[in-house]
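Protein chains: 2
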Amino acid sequence: MNKPWIDKIRKIKPYVPGEQPDIGDIIKLNTNESPYPPSPMVKNIIDEYDADKLRLYPSFKCDELKTVLSEIHNVNKNNIFLGNGSDEVIALCFQTFFNSDKPLFFPDITYSFYDVWCDLYNIQYKRIKVDDSFKIVKEDYFGENGGIVIANPNAPTGRYMSLEEIEEIINRNLDVIVVIDEAYIDFGGESAVSLLDKYDNLAVVRTFSKSRALAGIRVGYVMCCEELAGYLEAVKNSFNSYTLNSLSQAIAVASVKDNCYFENCRNKIINTREKTILELSKLGFQTIPSMANFIFTTNPSIKASFIFEELKKVNIFVRYFDKPRIDEYLRITIGTDDEMEKLVSAIKKIIL
Amino acid sequence: MNKPWIDKIRKIKPYVPGEQPDIGDIIKLNTNESPYPPSPMVKNIIDEYDADKLRLYPSFKCDELKTVLSEIHNVNKNNIFLGNGSDEVIALCFQTFFNSDKPLFFPDITYSFYDVWCDLYNIQYKRIKVDDSFKIVKEDYFGENGGIVIANPNAPTGRYMSLEEIEEIINRNLDVIVVIDEAYIDFGGESAVSLLDKYDNLAVVRTFSKSRALAGIRVGYVMCCEELAGYLEAVKNSFNSYTLNSLSQAIAVASVKDNCYFENCRNKIINTREKTILELSKLGFQTIPSMANFIFTTNPSIKASFIFEELKKVNIFVRYFDKPRIDEYLRITIGTDDEMEKLVSAIKKIIL
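From first to last, the protein sequence lines stand for chains A and B. With our numbering applied, the first sequence covers 1 to 352. With our numbering applied, the second sequence covers 1 to 352.
Keep in mind that the hints were calculated from the coordinates and are not lab data. Any given hint might turn out to be false.
Note that the list lumps identical chains together, so a pair holds whenever it fits in one copy or between two copies.
[As the list claims (entries may be wrong)] When the alpha-carbon atoms are kept at most 25 Å apart in a straight line, the in silico DSS-like pairs for lysine-lysine are as follows:
1. 282 / 313
2. 312 / 61
3. 303 / 313
4. 53 / 28
5. 257 / 53
6. 126 / 268
Taking the hints into account, I'd like the entire structure generated from these sequences.
Okay, structure coming up:
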């Protein structure tokens, strides 16, 4: 067929999101979702929600959600920028903050979306090697660059960088914006939010998808100085004024208000993580120290791709990346104690 | 304060969305929302929704929603591209389809977001004058261009272009993509969806915000040939894989299934529109023929800006654009019969 319009179309190599199997009775440890439901307050707010209000546009100021978030993070409402999942807010950070002719720096092993956004927005970038134990070496980020993005804890390794090291990177790069992607910070790490008073070149990204067990509502946010938040807001308003629907706003508010449930769930996940690492070590696995709700683990005697495929056969889904340096590792989301016991027994059967 | 990073930031003149007054007891006729609540099926689906499922990522295939939409529009599921409100899907259309060194064509009086997206994505554009009765003149779109976008019915005028004229524009521009933004088509117009079989350079945009009374859930979609849908999907997946949250998907499905309620509401709005035009004509108003859920009206004896401000004082919000060619008009959303009667009496008091 003749397509005279074809050369004017923007063609992008599609980014392929992680597998989302449809079958019912599976153990899903592949996309770092919470094994626990969201706070019971979420159920209440949905039950009470007045559906008739949905005829109106959402609040684009998101005032109530900003208020509760500003309280738990001890920042000002004007320091918060909200969006449709942390992927959207990070994409908007890239589009807004990284307009330099020098390359953006990020680790060679990290969240696989960073280079995708660079390609989308024509941002130069340089992948900086993590060391052989997957540590991010702070000194590698002291050279000239057009901005920095670091996931802390890093994905898919789970490795955490101390707040002192993060601060040194920010402090050595005052002429660019440093984005710290804290999707997994609630599972044991110390947040860089406390540095916002000192640094106006810092942007900290958070999500409701992991520790708040609300991947389904798509809410993420950035905390940064008021001026940077204003630039993000302007770019957002030139793209889509109403990115956050009404129900997701109400649900997010309910979740933030229930701090007790939140603490309880994340502590359970941390405990299960440590137990799982121990059990796997008895089977010869070596696991990278993790501060996330997943672990990155390898077994010198058996190919990771083999374990991955065998687990699938018994309906246990973990994540395997067929990429240089990490193709002998499995990334396993921390589920309930019961799910992790089933995982360990399944692995035992595969390798013994 | 010293800001060494300031020159690397992308600074955009913020687009200012329409006024969203917070006060309770107002008549809100300024953002083209439906005066009727969404289908009762929406309330049911929310009541029944299993909040625990929100811990999981939404379906990014949106299979169920695509299925019901494909049925009502008589297209294939692969012809549908979904997003977070029609603003998001149009933005992605601009980013994906308009990569030409020739200018994008759109009317000088139209949805005010089109030139904002052009600026955001560095797209050349040319505003084509509508005639003095605000008609889009089809012949003006036959010249060389990098793409075309037309809102039909047009905003803020409400003017509708016949399907024959739309087809002629598409047919004369087979080498570019023609986007028809049908946000208001359900209020009396004939959709260009029927032309999809014949033209692979056509993209038709729809929204749940107006005729489906669901502005609060942020769902919009594009219908186009499978290949164009694939390009949109690739760009979307390079920006944000999960743009549509789980609850909005479920609510949209429920709404589409209740066709009877939908027909009933839109017929009521059409009737109220015609009644209002008649009543206003008795007060000396001249109204552009409208096929939308709003009217665009002027009174030769009184300044539109004055009526606008006076209505605000009695808590009736309509829309006024202080822009060349249209600064003597008011755009008034069609509310309930009762709301429109109150509007007409309020105007009577202002002008008599």
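A quick look at each hint next to the structure:
Taking identical chains as interchangeable, the C-alpha atoms of residue 282 and residue 313 lie at most 25 Å apart only when both belong to the same chain, with a minimum of 23 Å there against 75 Å between chains. Proximity of residue 312 and residue 61 under a CA criterion of 25 Å is satisfied inter-copy only: 21 Å between copies versus 44 Å inside one chain copy. In the homo-oligomer, the alpha carbons of residue 303 and residue 313 lie at most 25 Å apart inside one protomer (16 Å), although the nearest pairing across protomers, at 73 Å, exceeds that limit. Proximity of residue 53 and residue 28 under a CA criterion of 25 Å is satisfied inter-copy only: 13 Å between copies versus 35 Å inside one chain copy.
In this assembly of identical chains, residue 257 and residue 53 lie within 25 Å of each other by CA distance both inside one copy and across copies; the values are 22 Å within and 20 Å between. Within a single copy, residue 126 and residue 268 get their C-alpha atoms no closer than 38 Å, and across copies no closer than 59 Å, so neither meets the 25 Å cut-off.
Hint check: a violation occurs at hint 6 only; the rest are consistent with the structure.
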